[in-house]
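Number of protein chains: 4
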Amino acid sequence: MSFDHTIADISLHEAGRHQIRLAEHEMPGLMALREEYGEAQPLKGARIAGSLHMTVQTAVLIETLTALGAEVRWASCNIFSTQDEAAAAVVVGPNGTPEDPQGVPVFAWKNETLAEYWWTASQIFAWPGVDQDPAQGANMILDDGGDATMLVHKGAEFEAAGAVPQPQPEDPEEYGYVLETLRKSLGENPQRWTGIAENLRGVTEETTTGVTRLYQLARDGQLLFPAINVNDSVTKSKFDNKYGIRHSLPDGIMRATDVLLGGKVVVVCGYGDVGKGAAEALRGQGARVIVTEIDPINALQAAMDGYQVATLDEAVEQGDIFITTTGGKDIISASAMTQMKNKAIVGNVGHFDNEIDMAGLAQLPGVKKVEIKPQVHEWVFDETTGRSIIVLSEGRLLNLGNATGHPSFVMSSSFANQVIAQIELFEKSALVHQGEDPYENEVYVLPKVLDEKVARLHLDAVGAKLTELTKEQADYLGVDVAGPYKPEHYRY
Amino acid sequence: MSFDHTIADISLHEAGRHQIRLAEHEMPGLMALREEYGEAQPLKGARIAGSLHMTVQTAVLIETLTALGAEVRWASCNIFSTQDEAAAAVVVGPNGTPEDPQGVPVFAWKNETLAEYWWTASQIFAWPGVDQDPAQGANMILDDGGDATMLVHKGAEFEAAGAVPQPQPEDPEEYGYVLETLRKSLGENPQRWTGIAENLRGVTEETTTGVTRLYQLARDGQLLFPAINVNDSVTKSKFDNKYGIRHSLPDGIMRATDVLLGGKVVVVCGYGDVGKGAAEALRGQGARVIVTEIDPINALQAAMDGYQVATLDEAVEQGDIFITTTGGKDIISASAMTQMKNKAIVGNVGHFDNEIDMAGLAQLPGVKKVEIKPQVHEWVFDETTGRSIIVLSEGRLLNLGNATGHPSFVMSSSFANQVIAQIELFEKSALVHQGEDPYENEVYVLPKVLDEKVARLHLDAVGAKLTELTKEQADYLGVDVAGPYKPEHYRY
Amino acid sequence: MSFDHTIADISLHEAGRHQIRLAEHEMPGLMALREEYGEAQPLKGARIAGSLHMTVQTAVLIETLTALGAEVRWASCNIFSTQDEAAAAVVVGPNGTPEDPQGVPVFAWKNETLAEYWWTASQIFAWPGVDQDPAQGANMILDDGGDATMLVHKGAEFEAAGAVPQPQPEDPEEYGYVLETLRKSLGENPQRWTGIAENLRGVTEETTTGVTRLYQLARDGQLLFPAINVNDSVTKSKFDNKYGIRHSLPDGIMRATDVLLGGKVVVVCGYGDVGKGAAEALRGQGARVIVTEIDPINALQAAMDGYQVATLDEAVEQGDIFITTTGGKDIISASAMTQMKNKAIVGNVGHFDNEIDMAGLAQLPGVKKVEIKPQVHEWVFDETTGRSIIVLSEGRLLNLGNATGHPSFVMSSSFANQVIAQIELFEKSALVHQGEDPYENEVYVLPKVLDEKVARLHLDAVGAKLTELTKEQADYLGVDVAGPYKPEHYRY
Amino acid sequence: MSFDHTIADISLHEAGRHQIRLAEHEMPGLMALREEYGEAQPLKGARIAGSLHMTVQTAVLIETLTALGAEVRWASCNIFSTQDEAAAAVVVGPNGTPEDPQGVPVFAWKNETLAEYWWTASQIFAWPGVDQDPAQGANMILDDGGDATMLVHKGAEFEAAGAVPQPQPEDPEEYGYVLETLRKSLGENPQRWTGIAENLRGVTEETTTGVTRLYQLARDGQLLFPAINVNDSVTKSKFDNKYGIRHSLPDGIMRATDVLLGGKVVVVCGYGDVGKGAAEALRGQGARVIVTEIDPINALQAAMDGYQVATLDEAVEQGDIFITTTGGKDIISASAMTQMKNKAIVGNVGHFDNEIDMAGLAQLPGVKKVEIKPQVHEWVFDETTGRSIIVLSEGRLLNLGNATGHPSFVMSSSFANQVIAQIELFEKSALVHQGEDPYENEVYVLPKVLDEKVARLHLDAVGAKLTELTKEQADYLGVDVAGPYKPEHYRY
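Protein chains in written order, with the numbering used here: chain A, 30 to 521; chain B, 30 to 521; chain C, 30 to 521; chain D, 30 to 521.
What the hints contain is simulated information worked out from the structure, not anything from laboratory work.
Bear in mind the structure is a predicted one, so any value in this text is a computation, not a measurement.
Check before you lean on any hint, since a few could be wrong.
Note that identical chains are pooled: a pair holds if it fits in a single copy or bridges any two copies.
Said to hold, decoys possible - Keeping only pairs whose Cα atoms sit at most 25 Å apart, straight-line, the calculated PhoX-like set for lysine-lysine is:
{"id": "1", "residue 1": "402", "residue 2": "139"}
{"id": "2", "residue 1": "477", "residue 2": "515"}
{"id": "3", "residue 1": "515", "residue 2": "358"}
{"id": "4", "residue 1": "494", "residue 2": "358"}
{"id": "5", "residue 1": "402", "residue 2": "372"}
{"id": "6", "residue 1": "370", "residue 2": "494"}
{"id": "7", "residue 1": "139", "residue 2": "358"}
{"id": "8", "residue 1": "515", "residue 2": "372"}
{"id": "9", "residue 1": "500", "residue 2": "358"}
{"id": "10", "residue 1": "477", "residue 2": "358"}
{"id": "11", "residue 1": "372", "residue 2": "397"}
{"id": "12", "residue 1": "477", "residue 2": "457"}
{"id": "13", "residue 1": "213", "residue 2": "183"}
{"id": "14", "residue 1": "372", "residue 2": "494"}
{"id": "15", "residue 1": "370", "residue 2": "402"}
{"id": "16", "residue 1": "397", "residue 2": "358"}
{"id": "17", "residue 1": "73", "residue 2": "183"}
Kindly generate the complete structure, drawing on both the sequences and the hints.
Now the structure itself:
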């Protein structure tokens, strides 16, 4: 096949294009960037290796990057999350056909194996000619979770060592596939990743996990290129977490259970941005929310917002529904689950599935798991009495598992940060290669004025009219008419 | 087949029983009635002909009726609304098997034809031996929409006339099937419906449409048996309409479109109970609601509740989403739809599908209907620009078409009214046949104290503890300690 | 004195006129009636005896009545509630001077004695020449609480009996003053009240108390003229109770205590319209509301609205603030008050001061009452520990005692009902005297279409634009284009 | 006079003590600090010069400082804000009498002249013996607005220069009094302020204005001692601004105007923390809020929270009430005020009175200012038509001018930050004088763990129960069990 991609079924492309068209309408930030930069082509010359859930929204992101001049190769950052019709549509492109695809090489399909996953991850760096001349390879990474970045760093590290180590017993299973992938690569080209790393101008990363890895690399002096932390833009963290969850949490519970939320007692564990969005959504449905918190400041905010703040011990027998939002672990123990009301519903919108002790639940003596429908399971404690609880999405993120994750508008905000960060890094890092160095091999957040720009791009869509400062007013406040308007520590 | 029923596929019964078990937990009103009356068997001797959507919730209703002693035969009141697994589970019963069903005869399956529908309606009156002895037939009707009641009245009318008329050009198509059914019956037994009518002690009816028909019959002196209007119980109308829609409206929009509700401008047409629930739900999601109203009192309520009140003309270009809740017709005209923003979403949670002028929309020159997915259609006004709107559920009730209708808890309240009304009418109407006449052939609402009882049955489930009046306090207020507590005109 | 009135200090009239001018802006219903009927003068010939709190808002009411052609004499219906500057301004009138008053005779001042009070009540019937010719006297009563109506009925009763009885030991103290007033009258003119009663075309009454008395008189066949129950207009009861309290409850607590409402636990006793308004206001301030209820329907509404429903026993140790809204008695007992948290705040917005057992509180052994400021008292249970609670307005209505009662806009709605009822009764009762009898000596509520009219008059002021039904839509709904739009039992 | 203080009327002390007692109950943070540190006396040896509004809440602060061992001298930081009864009570102390005061020297009374004000400011540094030995003087400043800090810096600067300059034409009038005060001092003791400055261990400052001055001094290398910026503690800025305003804004409008907030259109200028609190309060009263914003991020937040975002130009004719919350200037111009609806209400809860162009308003041709009552003025544009607007508190902070400012609970949070910062600086700066230097002459914010401590101290009072991390959970999150729990950039 002359065209370089692998997806499950390219015939899905028409269904994908319908959905992309509707999603474009809900992603005004990305569409505004196409409008603003379409002519200037600021990403002309950029070759972006992208690793991010291959969904309809990501399709709009990819086509925004190409509209700004970039060449792109794409893989998903999760073995389950690809929407095949979106992948197909991106490969074919708006004007192509399955026979003559004119889109972007995509290496992603729903339900990959781990071996396949790491193969796709390596493919986004396999630009034509890169083995002959690394300067023909990717010069930018767009990352979600840090897998693409990690692959380059590990590849270069092992090439420097001249060998790929064997997996150790304490390594997670998945790491074996990483090593296998790199071992194969080392055989093929012992300087491949070294060359790739040298030609990368930087990475933009949008998750807490990925950002944490980047800060560790930078702290240890091992970061091989500059990084922009998109995760901590206000227009990413505050919007994605709070307003995204406010929508997708009730959506997930409703689809999963059809249980009336009005009049229910819901225990929300955590009152960070995710918890704030969750509590607001549930109160808006007439539920009574009890919050648990470990941080006294957030706890006091919850109380001031009118919620009861209690420990899980106190609330465990009152709750009809329990939602974790913390990013911590063992928030709801197996023992707590046994104390809940019959048919209590338990779900997670925090981070990993260890917020709920699913392993402990499965090990309870006599417990029986009954599938009500996919992603909705009844865990029966006692078959005689029928006493049981309902667990959503096996303890993983229920807004993804029982609904469809964050709506497009929220992703538009996150992805506009990605695009702007790509432009910023591609343009400025270019200067590094010309002997100037606005960005070193460190981790940066987007300048506040660009964060404000992302917000600005979404105002029209919600009918918001912005007031403009006069020069005199701006001087009085000590800010520029064009922003940024707030000190760095401002909390919004 | 010795067992008297007809459903599509009885093998679904296990899936249905799972769902019934979970629904029972969310229908505390019905379960409390089983608890309270299980021993006394107040419906012993009742033979109930039921016509109501054959869903999982209705299964819990049916099994409550039988738990109270009734015999039951059932049909759906809508050709689309049957959940086949619920029907199967009811037929088999909790202790039966497909080979040895021990449940209730059900005549209902998803997607009936109109001919089949009216056949099922007649089957709920076809009790064994009824043609020989009408006193062996149904003595109660439980109705939703009035079709069962209408069939009896028309049947008796034509038997009195000795002939069934031909359908007239102005009759709705469906009426032809009614006439056909009765014509066949007249051939079989020229006194069938007359006998059935004479043995019916009454009907309980839960819809506005059905109740309106009953009041017309009563006004014209043609009502053949007493009727209880369950629709206007507070615990039906206020709860079903307001709290049911508050849940099922956002559920439906989210499932249909995945569009972020936060920040959207939503035009809600009507601020009755349905509109109040709709507006509350949307505000709870961070949408900005604009209300349209024809009634100045409701309009003033909307304003006092903080909503902008405008005409559709004023709001048509601002709205991102339009929801009708009125029970009226032509609320959103085709012309209005052409003036909406590109990709505006239009849906109905009012009553009939004529709230939105779907016919007018389809007749617009050049308009094209694209199915995005079932029950979600894009109507493209102009293929060049791609200008279009999205219509949910073809203009019919989107909370049914795009979600799963009212949650079980809400139906528990409505159905507890049905059961209590059945007991009331069956017990008291018995007296009529003994020469006393607490109920004449008129339409009654449930006594307030029974309405209060329905509420009372649901308090435990939401953790509400009721305060009891002392005798002295009750005397001061001029009420009985046990209620009722409010004058008839009290508005809640 | 040639001009017939008695107020404390007419020199206050300028301050009063300022306030009246501002209040007019907030009473669009009354101003719209002046606009609509100013020319037609429908109250021309009406001589209205008014008994209603002589406040700034009442001043706007009085001047609306005169603008529509009526002659008016006024007294307050409460010995404390007169705002002297409002009384002065009404007496002087917009164009008069203290030397040449051109307004309305007002018999009211702040802090009347009971003897003075009943003298003022009799003065509103002392029209010039009435003793010579009763037809020159009042022909309409506008009443609040029923004192004016009661005076006429008792006067006529005693005149028929030929004697005024002595007060009995079980009579309230105040009744002695009524008897004294009538005894004096009997001496002056033994047919005075009989003549007055015969010439009265009717009364309009706006309180629950007054309405209850009227229904009792009608039931006993003793009502001497028709009555319109303004209290049960939707635009009175629902608006006054819910939206009035939503404003004036937090206003009162804030003025009284300056205590932050955010984060507080507030126990609201009762979830009728007053309780609904109270709960909404407190939640809007970030308080956590616990509701107590005796009526299961209202209790279920509270739960569905997201409030915890508990008994006072359960909540008494959790609450920071306790508010009664019930109209019942002994809602908060002295014993409950001793169990509250130190410095808990207790207040009443229900009806009479016996909702809180103030007498029992005062009789607790060792209790000490400390005035923090007028209408705010600390009741110290134990001087050693300083344990105490705060009681607002001595247990009487705190929104009146600690704030200024309902805002003008709310009163505009109530008073527009009064004016419309006066017109209705004056115009239609005139027909009675012409031998027709649209109104008998019964109690009526305003026709729904007039209730709707009151709402209509307030829409402009809140910027609400009403949608008009087409003839076709109205026919479909079975209503008139001009209303009324709802069945009588509709609950809003 | 042997006792060193000056207040208006010491006989008010009993009234003050009542209020202090009630305020203590609402200031749990300060009371908890007394409990925690009363025995350890961490401020033993601290001599604190305090400059902060001499209110009842400040009295609780002062007595907390002394309970922790400090000696204190106090002045107000505003000529109008002293509550004389609070000042009297503090001077007398809980156990003293007017004849034998045992409290704290206070130099403050309501309505000081500017000359008096700067005299009181100098008196808080006039510790007995300080002129002889500066080490006997103040060693700490607790400041609000920076006047005390400025006096020391200017004093030392002029002493170094050997002369106090003459005021320049461009200087504000008030600066003349500062110079006069320092000129007199220079005559008395030419090294007074130099000595004082050398002995000061630091200042804690709680306002934006004061903090800005401190950062300027530090940037210019002129800061003479370390400073802690209490203003930017989360428990100060987020709580004071948002929850304080949520309470005191409706309080102020209600007391000033008695106008129903329900159904009104309120334009809130600015959606920072103050604007967020304002909008929430008004929506909670049933008002419809329109937000104006210059910052696109805040604007998008407002839209996501369901508010209309418009420019003032668009909204000026719709608003019934206009509230500025920005900290900027000329937010509402005189020209805008002329375009408002008749009787629109205009008020400020932002910062300075120049948010509303009061000067421009006064200069409008023909405009007339009518006092309705103190702090409430009608500005009549046209006497013929009566067209006018209402301005609250002359454009200054209406929550202070028309109500009583922030409630005690909010101040407890701000003041607990002050006390903790005093302890931190006094204890640690002591080390500086011992040759260690944890704090340099820079501006610091409180460590996050102390910010969390302030929150922790308030949880009991609102009934919030905090969850404690296990060691394992804390390790997983990479935090300490005892906190701090969040990264510095966390936005709450």
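Verification of the hints:
| no. | hint | verdict |
| --- | --- | --- |
| 1 | 402 / 139 | both (20 Å within a copy, 20 Å between copies) |
| 2 | 477 / 515 | both (8 Å within a copy, 21 Å between copies) |
| 3 | 515 / 358 | between (35 Å within a copy, 16 Å between copies) |
| 4 | 494 / 358 | between (42 Å within a copy, 20 Å between copies) |
| 5 | 402 / 372 | within (15 Å within a copy, 33 Å between copies) |
| 6 | 370 / 494 | between (48 Å within a copy, 17 Å between copies) |
| 7 | 139 / 358 | neither (28 Å within a copy, 45 Å between copies) |
| 8 | 515 / 372 | neither (48 Å within a copy, 35 Å between copies) |
| 9 | 500 / 358 | between (50 Å within a copy, 11 Å between copies) |
| 10 | 477 / 358 | between (32 Å within a copy, 23 Å between copies) |
| 11 | 372 / 397 | within (14 Å within a copy, 47 Å between copies) |
| 12 | 477 / 457 | within (17 Å within a copy, 35 Å between copies) |
| 13 | 213 / 183 | within (13 Å within a copy, 73 Å between copies) |
| 14 | 372 / 494 | between (47 Å within a copy, 21 Å between copies) |
| 15 | 370 / 402 | within (21 Å within a copy, 38 Å between copies) |
| 16 | 397 / 358 | within (24 Å within a copy, 52 Å between copies) |
| 17 | 73 / 183 | neither (29 Å within a copy, 58 Å between copies) |
This entry does not satisfy hints 7, 8, 17, going by the numbered hints stated previously.
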